[in-house]
Amino acid sequence: AQSVTQLGSHVSVSEGALVLLRCNYSSSVPPYLFWYVQYPNQGLQLLLKYTSAATLVKGINGFEAEFKKSETSFHLTKPSAHMSDAAEYFCAVSAMANTGFQKLVFGTGTRLLVSP
Amino acid sequence: KAGVTQTPRYLIKTRGQQVTLSCSPISGHRSVSWYQQTPGQGLQFLFEYFSETQRNKGNFPGRFSGRQFSNSRSEMNVSTLELGDSALYLCASSLDGKLFFGSGTQLSVL
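So the sequences go chain by chain: B and F. Quick note on this note's numbering: the first sequence kicks off at 1 and runs consecutively. Quick note on this note's numbering: the second sequence kicks off at 117 and runs consecutively.
In short, the hints are calculated from the structure, not lab data. Treat the numbers as computed from the prediction; the structure is a model and nothing was measured. One or more of the hints may lead you astray.
Stated by the list, open to error - Some chain B residues close to chain F (C-beta under 7 Å, calculated; not the full set):
(1) Leu-44
(2) Lys-103
(3) Phe-106
For each residue, glycine too, the CB sits at the ideal point set by N, CA and C.
All chains should be modelled from the sequences, with the hints used to inform the complete structure.
Here is the structure:
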């Protein structure tokens, strides 16, 4: 079974400050890990995906995440926050089935608040 | 290329009614998954279809069902609606292990 834990339901930063959103995972097999962002009244947009090719994954909008197996973590970072980054962020884990299907198990989400 | 399209965007129903939601995947994507999002339970997997066959199903009652057509479009049906079915229903199409989500259908059950 797989699960993810997102630490902190809300994170507040100032514009220009470092963004750090925490995600820890549990998986009995090598995991695939994802970060998604959801803006109000919208669906989920994929920020980045880890598939074991490289531990540091670069995504869209300046976000990146580092896979640390020893810590079972996949934290999301961005060096400098923009007002437009204010949204809800979801970490997700999956295992590739033989059929190629990936069922995503999501964390509970972290709402990022950015102040001027 | 157009994204995942879900219709309708909003729905209001009363308890006991049934509802059908529609999802058109990205062109070329053959896998379609459905997720339910609620404030209390978060995002939960409902089911996944591939080539008109249900491959996987989440832990939802039989009132929740779906199907996929030969053009990969998918529909989801909920019968005998309950207040707790109020949620954002998200459809996602998949290619190369990446899920692309639509904007969802917001269902309110009164």
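Taking the hints in turn, this is what the structure says about them:
With a cut of 7 Å, the hint placing Leu-44(B) at the interface with chain F holds, because the nearest CB-to-CB distance is about 4 Å. About 5 Å separates the beta-carbon of Lys-103(B) from the nearest beta-carbon of chain F, less than 7 Å, and the hint is met. At about 4 Å, the closest approach between the beta carbon of Phe-106(B) and any beta carbon in chain F falls short of 7 Å, and the interface hint on this residue holds.
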